[in-house]
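There are 2 protein chains.
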Amino acid sequence: MADLRPPEHQVAGHRASVDNLGPLVDDAGLFYKPLQAGDRGEHELAFYIAFSAHPAVPPRIRDAFFPRFHGTRRIPTAARPGELYPHIVLEDLLAGIAAPCVADIKIGACTWSPLAPEPYVAKCLAKDLETTSALLGFRVSGVRVAGQGGAVWRPERSELKGIDTAGVRGVLRRYVSSCGGDGPDCALAAAVYGGDWGVLAQLRELKAWFEEQTLFHFYSASILLGYDANAVSAPGGGVRVKLVDFAHVDEGEGVIDHNFLGGLCSLIKFIADIVAEASEMASSGH
Amino acid sequence: MADLRPPEHQVAGHRASVDNLGPLVDDAGLFYKPLQAGDRGEHELAFYIAFSAHPAVPPRIRDAFFPRFHGTRRIPTAARPGELYPHIVLEDLLAGIAAPCVADIKIGACTWSPLAPEPYVAKCLAKDLETTSALLGFRVSGVRVAGQGGAVWRPERSELKGIDTAGVRGVLRRYVSSCGGDGPDCALAAAVYGGDWGVLAQLRELKAWFEEQTLFHFYSASILLGYDANAVSAPGGGVRVKLVDFAHVDEGEGVIDHNFLGGLCSLIKFIADIVAEASEMASSGH
Numbered sequence: 001m002a003d004l005r006p007p008e009h010q011v012a013g014h015r016a017s018v019d020n021l022g023p024l025v026d027d028a029g030l031f032y033k034p035l036q037a038g039d040r041g042e043h044e045l046a047f048y049i050a051f052s053a054h055p056a057v058p059p060r061i062r063d064a065f066f067p068r069f070h071g072t073r074r075i076p077t078a079a080r081p082g083e084l085y086p087h088i089v090l091e092d093l094l095a096g097i098a099a100p101c102v103a104d105i106k107i108g109a110c111t112w113s114p115l116a117p118e119p120y121v122a123k124c125l126a127k128d129l130e131t132t133s134a135l136l137g138f139r140v141s142g143v144r145v146a147g148q149g150g151a152v153w154r155p156e157r158s159e160l161k162g163i164d165t166a167g168v169r170g171v172l173r174r175y176v177s178s179c180g181g182d183g184p185d186c187a188l189a190a191a192v193y194g195g196d197w198g199v200l201a202q203l204r205e206l207k208a209w210f211e212e213q214t215l216f217h218f219y220s221a222s223i224l225l226g227y228d229a230n231a232v233s234a235p236g237g238g239v240r241v242k243l244v245d246f247a248h249v250d251e252g253e254g255v256i257d258h259n260f261l262g263g264l265c266s267l268i269k270f271i272a273d274i275v276a277e278a279s280e281m282a283s284s285g286h
Numbered sequence: 001m002a003d004l005r006p007p008e009h010q011v012a013g014h015r016a017s018v019d020n021l022g023p024l025v026d027d028a029g030l031f032y033k034p035l036q037a038g039d040r041g042e043h044e045l046a047f048y049i050a051f052s053a054h055p056a057v058p059p060r061i062r063d064a065f066f067p068r069f070h071g072t073r074r075i076p077t078a079a080r081p082g083e084l085y086p087h088i089v090l091e092d093l094l095a096g097i098a099a100p101c102v103a104d105i106k107i108g109a110c111t112w113s114p115l116a117p118e119p120y121v122a123k124c125l126a127k128d129l130e131t132t133s134a135l136l137g138f139r140v141s142g143v144r145v146a147g148q149g150g151a152v153w154r155p156e157r158s159e160l161k162g163i164d165t166a167g168v169r170g171v172l173r174r175y176v177s178s179c180g181g182d183g184p185d186c187a188l189a190a191a192v193y194g195g196d197w198g199v200l201a202q203l204r205e206l207k208a209w210f211e212e213q214t215l216f217h218f219y220s221a222s223i224l225l226g227y228d229a230n231a232v233s234a235p236g237g238g239v240r241v242k243l244v245d246f247a248h249v250d251e252g253e254g255v256i257d258h259n260f261l262g263g264l265c266s267l268i269k270f271i272a273d274i275v276a277e278a279s280e281m282a283s284s285g286h
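Here the protein sequences line up with chains A and B, keeping their order. Going by the working numbering, the first residue of the first sequence is number 1, and it counts up by one from there. Going by the working numbering, the first residue of the second sequence is number 1, and it counts up by one from there.
Hints listed in this document are in silico derivations from the structure and should not be mistaken for laboratory results. One thing to keep in mind: the hints can contain errors.
Some chain B residues near chain A, calculated using beta-carbon distances under 8 Å [said to hold, decoys possible]: (1) C110; (2) R173; (3) S177; (4) E253; (5) I256.
Some chain B residues near chain A, calculated using beta-carbon distances under 10 Å [said to hold, decoys possible]: (6) V89; (7) L90; (8) E91; (9) P119; (10) S141; (11) R144; (12) F210; (13) L215; (14) N230; (15) V232; (16) V255; (17) D257; (18) H258; (19) C265.
Just so it is clear, CB atoms sit at the ideal spot from N, CA and C, and this is done for glycine as well.
Required output: the full structure, derived from the provided sequences and hints.
Set out below in structure tokens:
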């Protein structure tokens, strides 16, 4: 376990330290997520167990859009010395990416289940109204953009919390811009968002599943976007679209996840607008 | 104005009487909606004025899915004797239907705008959680089914308020069943919900618009379904899908109406499931 370390490119949640439990990664491409406190950790683990074996989940959806589940493991942590703390073991979604550009986007106007207890609902609702969740159907929880020459843009969480619609548009533009220029140039919009297996194509495939699937309701889950700034023009480009954070997943009981689906459609529209703008700018020679 | 009368087939809202203002219809196919109290009436009127002239609304969407707007008129009412009360004048969506079958379905998990004042949000949220709105993304506000021989099924509003997911499925089945049998037979599911211009095809066209349109957010609006029980097998069948009730519409400001869209997708799934079941039952000879 000597190679366990906090992921360099983590953009949301606590960072593992002597003060906090946090995710760890190893050289074998595994991601260790400490079991969350209360019943959240057990709830997330139960989701992974149910989801990874569910006969009604298309293998293509599971493989393309979810981290592979490798069970649980008890490992030593800096935050709990002298103890082996239980972790959910997952595929490290950003393994092998040299210059990771990552965005964590929490999907859904409501981050709380209608079945959740009242004080929890009130707390989440207040946050949904303060952030862009209620208005846009999603909020950007974290972002990291690595540019040429090692420059990294990684706004503070407090900075992201205060942004409005225009701010979200700005972040989604900057996510596909070369670092260090005067404002976002969207130079990578076509390569990362567009194309046959870019973000937009992947989000649309995910949307088609959400129009049909009535197995799970993904409250407070995120879509993680990732690409490699050093390999974006390579075939495939390494563009990844994955769902993460399943501590608040409900059973669907025959009803689609209209909350996630609505937010996903809103995100698709934002990204499609950026691709269209970038394509117009390119064709007009700017 | 001698021919003004409350619509026979009204399923939601106050009925016009000496005690209450309510909608009226005339023989010319017009529907008179009294201006609602507070700023709701003015807000709804402002929506109709903006919407009916908006250059970015496709004429096909306006004509197919919205009541035609005919301005305002001040008319005498039983509730306000000696006064001419202002009404919004609209197309009577059910004019010319001999045996109207109507369902009023309020769309959206949230019936309140994130920009609405706090006490209003709390009141609406409580209702969204008590009814099926939060869980299903829509609730059935009213329904009327006219069967052969004059039989009519029209549950009380209080009865509809208490229904759960299975109850909603039951109402949507009964809406396309012949009256008076032992439970819903879904005999009209293919004719009303299915087909080239049935409810499902119309809802899907509406959905395609909602995936793109960023002009309006339709909080607390309803989809009104209507068909003529006496003419359901006629060409066209008179199946109608219309949006109504615009007292809480916000400007979209470049963002799609993910709340309405999510609820609409959920309704589509419910109805598609009923069409599929009915088709299986028909092909298995039951």
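The hints, checked one at a time:
For B/C110, the suggested interface contact is upheld, since its CB lies about 7 Å from the closest CB of chain A, less than 8 Å. The closest approach between the C-beta of B/R173 and any C-beta of chain A is roughly 14 Å, which is over the 8 Å cut-off, so the hint fails. Look at B/S177: its Cβ only gets to about 20 Å from chain A, farther than 8 Å, so that hint breaks. For B/E253, the interface hint holds, the least distance from its beta-carbon to any beta-carbon of chain A being 7 Å, beneath 8 Å.
Because the smallest distance between the Cβ of B/I256 and any Cβ of chain A comes to about 5 Å, under 8 Å, the interface hint for this residue holds. Evaluation of the B/V89 hint against chain A yields a violated restraint, the C-beta minimum of about 33 Å exceeding 10 Å. Taking 10 Å as the C-beta cut-off, the interface hint given for B/L90 is violated, the closest approach to chain A being about 28 Å. Look at B/E91: its Cβ only gets to about 29 Å from chain A, farther than 10 Å, so that hint breaks.
At a threshold of 10 Å, the smallest CB-CB gap from B/P119 to chain A is about 14 Å, leaving the interface hint violated. With a cut of 10 Å, the hint placing B/S141 at the interface with chain A is violated, because the nearest CB-to-CB distance is about 18 Å. Taking 10 Å as the C-beta cut-off, the interface hint given for B/R144 is violated, the closest approach to chain A being about 25 Å. Interface restraint check for B/F210: the shortest CB-CB distance to chain A comes to about 8 Å, inside 10 Å, so the restraint holds.
Taking 10 Å as the C-beta contact cut-off toward chain A, the hint placing B/L215 at the interface is violated, the least distance being around 13 Å. For B/N230, the interface hint is violated, the least distance from its beta-carbon to any beta-carbon of chain A being 33 Å, above 10 Å. Using the Cβ-Cβ criterion of 10 Å, the hint placing B/V232 at the interface with chain A is not satisfied: the shortest such distance is roughly 27 Å. Contact between B/V255 and chain A, as hinted, is supported at the beta carbon level, the nearest pair being about 6 Å apart and thus within 10 Å.
The beta carbon of B/D257 is positioned within 10 Å of a beta carbon in chain A (closest approach about 8 Å), and the interface hint is therefore held. A hinted interface residue such as B/H258 counts as satisfied when its beta carbon comes closer than 10 Å to some beta carbon of chain A; here the least separation is about 3 Å, so the hint holds. At a threshold of 10 Å, the smallest CB-CB gap from B/C265 to chain A is about 6 Å, leaving the interface hint in force.
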